[in-house]
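Number of protein chains: 2
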Amino acid sequence: MILTVTLNTALDLTYRIPSLRPHASHRVTEVTERPGGKGLNVARVLAALGHEVTATGFTGGATGRAVQDQLAYTPGVVDALIPTEGSTRRTIAVVDTTTGDTTQLNEPGPAITPAEWSAFQEAYEDLLRSASAVALCGSLPPGVPVGAYAQLVRTARASAVPVLLDTSGEPLRRAVAARPDIIKPNSDELAELTGSHDPLQATRDARRRGAHTVVASLGTEGLLAENTEGRWRATPPHRVRGNPTGAGDAAVAGLLSGLVDGLHWPGRLARAAALSAAAVLAPVAGEFDRRTYEELLDQVTVTRDASAA
Amino acid sequence: MILTVTLNTALDLTYRIPSLRPHASHRVTEVTERPGGKGLNVARVLAALGHEVTATGFTGGATGRAVQDQLAYTPGVVDALIPTEGSTRRTIAVVDTTTGDTTQLNEPGPAITPAEWSAFQEAYEDLLRSASAVALCGSLPPGVPVGAYAQLVRTARASAVPVLLDTSGEPLRRAVAARPDIIKPNSDELAELTGSHDPLQATRDARRRGAHTVVASLGTEGLLAENTEGRWRATPPHRVRGNPTGAGDAAVAGLLSGLVDGLHWPGRLARAAALSAAAVLAPVAGEFDRRTYEELLDQVTVTRDASAA
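Chains A and B are the protein sequences, given in the same order. Residue numbers for the first sequence follow the working numbering, so the first one is 350 and each next one is one higher. Residue numbers for the second sequence follow the working numbering, so the first one is 350 and each next one is one higher.
Isolated chain A, as found in the complex (with noise of 0.2 Å):
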C-alpha cells in the first residue's frame, strides 16, 4: 500500500454565495464537506485511481469524527489516523457563483502533545512495514516539533521505503536536509526555500541542500522535474480553468501512482501533469475529472531538457 500522512488534517468546508461582502449577512446556498488536509487529498486521488492507500496523521472532536465518516465511505482508503485530545481544525472555501473567486478561511490545528506525537512516531514506523512509498503533506499542527518532518524523512529512508515531501517553510527547509526522494514544492515554495524565483536555479539549488528529486509544480506551465537522471518538462496541451485548489495534491498522487506501477520518470510526470490538471475541473480538492485526466494522459507533453544536471 501507499501510505499518505496528514499531521494536520481537517475539515474542509466549501461555501457558494452569490458574492462576499464585508460585514453583511450572507446566505449560504450550497454547502460541501469534505476530509481535507492535503495527505487526505492525496489518497483520495490515490484511491480514485485503483492503489490501496493507508491515511495517518491526526484526528479529534466532532470535526474529526466526520473526517473519518466520511473517510468510512471512501473505497480503498484504510483509516490509521491517531486521535488527539484537540479537534480537528476546519477550512472554509467561500466561492463567490458570480466569478468563481475564492475567500479562504483556514482555522488553526489543535495542540498535539508529547505523547501523542510519540504514539503517532511509533505508528508510522509499523505502518512503514507494508508500505511500497510515503508522502508526507501539508502544515504542521502546533505541538510537533519543526523537525518532524526531517525525523519522518529520516525514518523511511531507514526502512527503505520511498519518500515524496510536499511541505513549505521550516519545515521543508529541515526536511529537505535530511534526503528525501522527491519534493514537490510550488514556485512560492522553491523560492522561499532557496531564495531564487529562476525555476532552473532554484530546483538545482534544493537538490543541493539534499532532495534527490525535485518536481516543481509552475501552475499552467505544467512541472519541471530535475534528479540525477536528467531533466525534464511536463507541460498539458491546454491550459485548463476551473478551482486549483488541490491541483498540487493530485500531481503528488500521479507521482507515488508512477512510482508504484514501475514507470520511468516521463511516464511519472505524464500522469502527475495530467491528473493535475483534471483536478482543476473538479469542484473541491482531492477530486479530479477521469474523462480530462485519461484524455489529458496521452497529449501531455513530457521534454527532457538537453542542458540537464
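Be aware that one or more of the hints could be misleading.
Unchecked claim - Here are a few chain B residues that sit away from chain A, every Cβ distance over 10 Å (derived from the structure): (1) Tyr422; (2) Pro432; (3) Arg439; (4) Leu454; (5) Arg506; (6) Ser545; (7) Arg590; (8) Pro593; (9) Leu608; (10) Asp638; (11) Arg639; (12) Arg640.
Unchecked claim - One side only, chain B facing chain A, incomplete, derived with CB under 7 Å: (13) Leu369; (14) His372; (15) Ser374; (16) His375; (17) Val380; (18) Glu456.
If you are wondering where the hints come from, they were derived from the structure by calculation, not from laboratory data. Glycine included, each C-beta is placed from N, C-alpha and C at the ideal position.
Following the hints, position chain B against chain A.
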C-alpha cells in the same frame, strides 16, 4: 420548567481575524464554538439566571452532536432535542479584530421530513405538560410547514401554557393570527409584519392581528411593550457598545424569567432591557455580562405611556 423551541438549531462559530479581505486567504487566530439558534441562546441565558429549562427542536449529524455535547456541559438546560436525518447547520461570524465589524455566513438548515415533524409535535405536546412557559424562536428549517408556529401556538394555548413567539416573515404573520401571549419583534420584523415603520402604530396593528402583548425591541432605544393593561417603554440608562448579536434572545429570556417569577409587566421589562444590554457586552450570543446585568437592573427606566391603548 421553561420550554424553549429551536426548530433550526445551529452550531455557532465565531472566527477572529485582523480584517476580512475578499478573495484572500486568512489564518483564523481564534475560534469560538457555541450551541446556536435563538431558542438555545434563550435557554442558556435562562439557565444562567437559575431557571430550569428544557430545550427542544431538531438536531442531526456531527454538528448536531457538537451542539448536544456542549449543551451537556450547560448546567440547568435539559436536552430534549429530536433527531433528524440531516445535519444541524453552522453559522459563522467572522469578526474583524481591528474594527469589531462582523461578516455573517449562515448555512441553510437540514430538510425535516414529515415523519420527523410529526415526532417533534408529539414530543412538544408531552413537554408542555410540565412547562410553565414556552418560547418559540427563530427561523424554520426546510420541510417544516410555514404554518408550523401557528400550530405550536395553538397547542400551547390548548395546554394553557403562556407562549412567547420570536420569529419573522410569513411564519410570524401566520402565528400571530393564532393569538400568542407575547411576540417580541425587532423594528424590522414589526415593520415587515404590519407595513408601518412607526413603532407605536405597528405595535397596535400587531395586537389587532392577534398578539396579546407586543414587546418591540428597538435596539439602543430599549423596549416598547403594549397589551390590554397598558403601554410601557423600558430604557437602559446609557448606551452599551459591543456585539448586538443575541441581545434580542437575552430580552426574550428576561421576559420569560419575569413571567415565571410572577413579576408585573414593568418588572419583566426591566429584566429584559437589562439582560439585553448586558448581552451586548458578551462576546457571543446566549451569554451576558452578569455584573452589568445586576447594575443595570435598578437603573433601567420603565415608564408607562399615558396615551396607552
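The hints, checked one at a time:
1. With 10 Å as the threshold on Cβ separation, the claim that Tyr422 (chain B) sits away from chain A holds: the shortest Cβ distance comes to roughly 14 Å.
2. No beta-carbon of chain A is positioned within 10 Å of the beta-carbon of Pro432 (chain B); the least distance is around 16 Å.
3. Some Cβ of chain A comes within 10 Å of the Cβ of Arg439 (chain B); the nearest lies about 8 Å off, and the non-interface call is violated.
4. The Cβ of Leu454 (chain B) does not lie farther than 10 Å from every Cβ of chain A; its closest approach is about 5 Å, which violates its non-interface assignment.
5. Every C-beta of chain A lies more than 10 Å from that of Arg506 (chain B), the closest at about 32 Å, which supports listing it as non-interface.
6. The claim that Ser545 (chain B) is not at the interface with chain A holds, since no C-beta of that chain comes within 10 Å of its own (minimum 24 Å).
7. Against chain A, the non-interface label of Arg590 (chain B) holds: every CB pair exceeds 10 Å, the least being about 16 Å.
8. At the 10 Å boundary, the C-beta of Pro593 (chain B) stays outside the reach of chain A, the nearest C-beta of that chain being 13 Å off.
9. Listed as outside the interface, Leu608 (chain B) is consistent with that label: its C-beta sits roughly 31 Å from the nearest C-beta of chain A, beyond the 10 Å cut-off.
10. For Asp638 (chain B), the non-interface assignment is confirmed: its Cβ lies about 24 Å from the closest Cβ of chain A, beyond the 10 Å cut-off.
11. Its beta-carbon lying about 28 Å from the closest one in chain A, Arg639 (chain B) satisfies the requirement of being farther than 10 Å from that chain.
12. Non-interface call for Arg640 (chain B) relative to chain A: holds, since the shortest CB-CB distance, roughly 30 Å, exceeds 10 Å.
13. At a threshold of 7 Å, the smallest CB-CB gap from Leu369 (chain B) to chain A is about 5 Å, leaving the interface hint in force.
14. Using the Cβ-Cβ criterion of 7 Å, the hint placing His372 (chain B) at the interface with chain A is satisfied: the shortest such distance is roughly 4 Å.
15. Using the Cβ-Cβ criterion of 7 Å, the hint placing Ser374 (chain B) at the interface with chain A is satisfied: the shortest such distance is roughly 4 Å.
16. Hint on His375 (chain B) holds. Least Cβ distance to chain A is approximately 5 Å, under the 7 Å limit.
17. Given hint, Val380 (chain B) at the interface with chain A, holds; its Cβ is 5 Å from that chain's nearest Cβ, closer than 7 Å.
18. Against a cut-off of 7 Å between C-beta atoms, the interface hint on Glu456 (chain B) holds, since the closest Cβ of chain A lies about 5 Å away.
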